[in-house]
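Asker: Based on the sequences and whatever the hints tell you, model everything.
If you read the protein sequences in the order shown, they are chains A and B. Residue 246 in the UniProt record's numbering is what sits at position 246 of the first sequence, and the numbering runs on without skipping anything. Residue 380 in the UniProt record's numbering is what sits at position 380 of the second sequence, and the numbering runs on without skipping anything.
These aren't lab readings, by the way, just hints derived from the structure by calculation. Everything numeric in this text was worked out from a predicted model, so none of it was measured. Some hints could be false.
[Unchecked claim] As a list, the in silico EDC-like pairs of lysine to aspartate or glutamate whose alpha-carbon atoms are at most 20 Å apart:
| id | chain 1 | residue 1 | chain 2 | residue 2 |
| --- | --- | --- | --- | --- |
| 1 | A | K142 | B | E501 |
| 2 | A | K210 | B | E190 |
| 3 | B | K20 | B | E501 |
[What the hints assert, rightly or not] Listed below are several chain A residues computed to face chain B (Cβ distance under 10 Å; list not exhaustive):
| id | residue |
| --- | --- |
| 4 | N103 |
| 5 | G227 |
| 6 | V229 |
| 7 | R231 |
All residues carry an ideal CB built from backbone N, CA and C; glycine is no exception.
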Amino acid sequence: MEAGCVSGSASALSNDENLVVSCEDSSSPVGNEQLELGLTLSLGRKGYPDCRVAYANDSSSSSSSSSLSRASVIAGIKQTADSMAATSGQVVGWPPIRTYRMNSMVNQTKVSASEDQNSEIRQEVNKNRTDATNMRNSMFVKVTMDGIPIGRKIDLNAHKCYESLSNTLEEMFLKPKTGLRTRETDGRMETPVKILPDGSSGLVLTYEDKEGDWMLVGDVPWGMFIGSVRRLRIMKTSEATGKAQMIL
Amino acid sequence: MNYFPDEVVEHVFDFVTSHKDRNAISLVCKSWYKIERYSRQKVFIGNCYATNPERLLRRFPCLKSLTLKGKPHFADFNLVPHEWGGFVLPWIEALARSRVGLEELRLKRMVVTDESLELLSRSFVNFKSLVLVSCEGFTTDGLASIAANCRHLRDLDLQENEIDDHRGQWLSCFPDTCTTLVTLNFACLEGETNLVALERLVARSPNLKSLKLNRAVPLDALARLMSCAPQMVDLGVGSYENDPESESYLKLQAAIKKCTSLRSLSGFLEAAPHCLSAFHPICHNLTSLNLSYAAEIHGSHLIKLIQHCKKLQRLWILDSIGDKGLEVVASTCKELQELRVFPSDLLGGGNTAVTEEGLVAISGGCPKLHSILYFCQQMTNAALVTVAKNCPNFIRFRLCILEPNKPDHVTSQPLDEGFGAIVKACKSLRRLSLSGLLTDQVFLYIGMYANQLEMLSIAFAGDTDKGMLYVLNGCKKMKKLEIRDSPFGDTALLADVSKYETMRSLWMSSCEVTLSGCKRLAEKAPWLNVEIINETDNNRMEENGHEGRQKVDKLYLYRTVVGTRMDAPPFVWIL
Numbered sequence: 001m002e003a004g005c006v007s008g009s010a011s012a013l014s015n016d017e018n019l020v021v022s023c024e025d026s027s028s029p030v031g032n033e034q035l036e037l038g039l040t041l042s043l044g045r046k047g048y049p050d051c052r053v054a055y056a057n058d059s060s061s062s063s064s065s066s067s068l069s070r071a072s073v074i075a076g077i078k079q080t081a082d083s084m085a086a087t088s089g090q091v092v093g094w095p096p097i098r099t100y101r102m103n104s105m106v107n108q109t110k111v112s113a114s115e116d117q118n119s120e121i122r123q124e125v126n127k128n129r130t131d132a133t134n135m136r137n138s139m140f141v142k143v144t145m146d147g148i149p150i151g152r153k154i155d156l157n158a159h160k161c162y163e164s165l166s167n168t169l170e171e172m173f174l175k176p177k178t179g180l181r182t183r184e185t186d187g188r189m190e191t192p193v194k195i196l197p198d199g200s201s202g203l204v205l206t207y208e209d210k211e212g213d214w215m216l217v218g219d220v221p222w223g224m225f226i227g228s229v230r231r232l233r234i235m236k237t238s239e240a241t242g243k244a245q246m247i248l
Numbered sequence: 001m002n003y004f005p006d007e008v009v010e011h012v013f014d015f016v017t018s019h020k021d022r023n024a025i026s027l028v029c030k031s032w033y034k035i036e037r038y039s040r041q042k043v044f045i046g047n048c049y050a051t052n053p054e055r056l057l058r059r060f061p062c063l064k065s066l067t068l069k070g071k072p073h074f075a076d077f078n079l080v081p082h083e084w085g086g087f088v089l090p091w092i093e094a095l096a097r098s099r100v101g102l103e104e105l106r107l108k109r110m111v112v113t114d115e116s117l118e119l120l121s122r123s124f125v126n127f128k129s130l131v132l133v134s135c136e137g138f139t140t141d142g143l144a145s146i147a148a149n150c151r152h153l154r155d156l157d158l159q160e161n162e163i164d165d166h167r168g169q170w171l172s173c174f175p176d177t178c179t180t181l182v183t184l185n186f187a188c189l190e191g192e193t194n195l196v197a198l199e200r201l202v203a204r205s206p207n208l209k210s211l212k213l214n215r216a217v218p219l220d221a222l223a224r225l226m227s228c229a230p231q232m233v234d235l236g237v238g239s240y241e242n243d244p245e246s247e248s249y250l251k252l253q254a255a256i257k258k259c260t261s262l263r264s265l266s267g268f269l270e271a272a273p274h275c276l277s278a279f280h281p282i283c284h285n286l287t288s289l290n291l292s293y294a295a296e297i298h299g300s301h302l303i304k305l306i307q308h309c310k311k312l313q314r315l316w317i318l319d320s321i322g323d324k325g326l327e328v329v330a331s332t333c334k335e336l337q338e339l340r341v342f343p344s345d346l347l348g349g350g351n352t353a354v355t356e357e358g359l360v361a362i363s364g365g366c367p368k369l370h371s372i373l374y375f376c377q378q379m380t381n382a383a384l385v386t387v388a389k390n391c392p393n394f395i396r397f398r399l400c401i402l403e404p405n406k407p408d409h410v411t412s413q414p415l416d417e418g419f420g421a422i423v424k425a426c427k428s429l430r431r432l433s434l435s436g437l438l439t440d441q442v443f444l445y446i447g448m449y450a451n452q453l454e455m456l457s458i459a460f461a462g463d464t465d466k467g468m469l470y471v472l473n474g475c476k477k478m479k480k481l482e483i484r485d486s487p488f489g490d491t492a493l494l495a496d497v498s499k500y501e502t503m504r505s506l507w508m509s510s511c512e513v514t515l516s517g518c519k520r521l522a523e524k525a526p527w528l529n530v531e532i533i534n535e536t537d538n539n540r541m542e543e544n545g546h547e548g549r550q551k552v553d554k555l556y557l558y559r560t561v562v563g564t565r566m567d568a569p570p571f572v573w574i575l
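Answerer: See the structure below:
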């Protein structure tokens with residue numbers, strides 16, 4: 001027994017172990033619901049005043065809605081991005097609210113956002129929110145495209161919005177290695193060409209959700225999409241319309 | 001006591017339940033150590049990597065209840081990568097092999113898998129109580145095993161976990177013979193719930209005291225559930241939307257009136273505010289109210305409800321209640337001990353958010369207040385000084401000013417003096433979280449006055465290493481120190497290495513500590529695990545010629561009696 005190795009002194013051993021097996025800390029016991037405050041977050045270190053966050057009124061951000069200003073200011077300040085590469089442009093862990101609660105606010109925000117704000121703002125909101133969900137595991141889902149026999153896999157957690165996903169999918173599927181297309185035409189591809197079924201590309205992006213239904217990508221907030229997507233499929237518009245009619 | 005036979009001593013020890021006290025007892029002499037370890041039934045391990053299952057079982061072979069905490073606190077805010085660690089499976093495997101009579105398992109911030117839950121459910125005949133807080137990695141399939149196999153299950157309490165909801169029939173996995181449930185909390189499940197199975201389960205559980213539903217349980221089901229469980233003490237309402245004229249709402253009103261034992265109310269994940277009045281008849285009995293998820297209920301309805309809650313001891317609420325609402329709380333809830341005010345709108349301000357006025361009002365009106373978590377728009381030193389004067393009994397004081405680095409909004413000064421007043425007045429303060437514009441001065445105060453402080457959370461604060469040194473030198477009872485984005489570096493880190501033996505852990509992220517500083521620390525203190533979490537580029541630190549001077553992104557160090565852990569992922573370096 002290990003006690004024998006510790007100079008034969010039971011108290012020395014138990015002191016070690018007691019430190020380990022020590023009393024409950026002063027935060028509420030495990031049994032209570034807890035939402036632990038870390039700290040406030042500013043977006044720069046002390047001594048770097050230029051990194052201070054501008055107040056809502058000061059912001060010269062193009063967004064006119066004052067209710068957006070904080071989020072866009074937060075999102076805009078990138079100096080800590082180097083140390084927080086996973087969420088480029090956003091500060092990790094701000095505000096210090098447990099993931100579960102943040103996710104729950106996604107749902108609430110969707111409800112209120114749809115009432116008075118445009119989808120651009122909603123995207124911004126959901127960008128911040130889904131930080132929570134996205135910081136987790138890689139989430140690889142299959143992506144197939146009609147007419148291409150071999151499928152691909154994409155890590156949805158590497159993206160925080162539909163635009164980014166769309167760009168990646170375009171690169172995967174519409175930039176063939178044979179170089180049939182010039183870089184210009186590639187670059188000029190409208191984004192999100194595959195998200196919006198505008199018919200211009202003849203393609204539409206759909207996903208299978210948890211319930212087994214095939215849905216159009218882009219309708220729901222990103223966080224909700226992430227939570228229910230099982231796999232992706234790039235369909236021809238004609239087929240998609242047919243399916244949409246079935247759903248409706 | 002030396003003249004008493006062991007059984008008598010052991011019997012006396014039975015009355016000593018706190019971990020601190022039992023640890024103290026075990027140090028008195030060898031005989032007491034032996035008696036204590038065989039009689040200890042509840043073990044608390046604040047850091048699962050500080051020891052291992054084998055040592056636990058060797059010392060406490062008769063344990064019945066185990067509490068384990070895994071990831072560091074900042075994992076709650078996504079600062080710790082998902083695969084960092086905190087796996088419970090090895091613990092359950094070891095406990096199962098040893099045939100210890102485990103009855104209760106409480107986990108926080110650990111990775112739990114369906115496999116672990118299945119093994120747990122099959123290995124301990126008398127298993128009674130499972131409490132999971134902020135855990136992840138499992139699905140409702142794991143819950144199904146627990147339901148199906150734990151014959152004497154008393155508590156299944158899932159708090160704010162990330163659970164993959166397979167929409168299976170886990171609730172119907174409780175056998176018909178299961179009638180022992182006391183606590184059932186599945187509020188964090190996102191999927192559909194088998195209402196029939198739920199109602200049957202509640203109906204056959206006469207001891208059910210705590211029931212917390214998820215958002216998939218509609219109001220009419222709630223009415224039925226409450227009707228067959230009038231003994232309910234703690235209720236978490238799921239979805240609460242309905243027409244106040246409807247029959248199910250009337251049934252609900254009738255059912256609520258019968259629940260005379262109801263003391264705690266929470267949930268309202270989706271809520272129609274005008275239906276809140278159904279709860280007014282029992283509000284005068286409530287001691288705990290958690291409306292922090294009820295984003296759809298506006299301040300005025302909250303206030304109407306709270307006005308009936310004169311006996312409230314614990315209140316969790318959204319800042320949509322506003323300063324005016326907090327004034328109502330202050331004048332109504334004279335028994336209030338714990339208050340948490342969460343932000344309802346992270347986009348920006350809004351005029352319903354709370355300010356320093358609300359905090360001052362609460363401190364003035366609630367003499368028994370000892371724990372507070374307060375998210376707000378702004379703060380002043382003057383307000384904090386007043387709060388300190390009004391409430392010198394704080395045990396936990398956590399303030400989060402949403403606007404980063406914000407100074408006193410009246411004087412534009414740092415908030416050093418305000419927090420200084422708090423630590424000076426509150427002699428029993430055990431936990432403190434700082435925010436706003438802060439210099440080294442606040443740490444001088446903390447080191448000087450916060451003698452009982454055990455946990456301190458710092459972000460974007462301080463000017464030099466002196467700040468951290470004040471804390472390390474002054475706070476003799478410090479156990480958990482977590483720091484982010486503050487200019488503390490190697491000097492502070494290395495000043496007193498033996499200090500870390502008295503602490504559970506230290507977290508420093510985006511500070512000024514360098515790799516060579518951490519290496520020196522690891523050399524000086526082999527009984528510490530010094531972990532560098534470096535997710536961005538695994539090779540960057542080595543390839544860089546100035547390796548030693550490279551700043552460490554995330555440092556997590558903790559004392560341990562079992563050395564380096566074997567389950568660390570590649571991006572975690574243990575020096």
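Asker: Each hint needs a verdict: does it hold in this structure or not?
Answerer: Now the hints, each set against the structure:
1. For a cut-off of 20 Å, the pair hint linking A/K142 to B/E501 is broken: about 49 Å separates their Cα positions.
2. At most 20 Å may separate the alpha-carbon atoms for a hinted pair to count; A/K210 and B/E190 meet this at roughly 12 Å.
3. Of the pairs offered as hints, the one joining B/K20 and B/E501 holds, with about 17 Å between alpha carbons and a cut-off of 20 Å not exceeded.
4. About 8 Å separates the beta-carbon of A/N103 from the nearest beta-carbon of chain B, less than 10 Å, and the hint is met.
5. Proximity of A/G227 to chain B holds as hinted, the smallest CB-CB distance being about 7 Å (cut-off 10 Å).
6. About 13 Å separates the beta-carbon of A/V229 from the nearest beta-carbon of chain B, more than 10 Å, and the hint is not met.
7. Annotation: A/R231 was flagged as interfacial toward chain B, and the flag is violated, the nearest CB pair being 16 Å apart, outside 10 Å.
Hint violations for this structure: numbers 1, 6, 7, all remaining hints satisfied.
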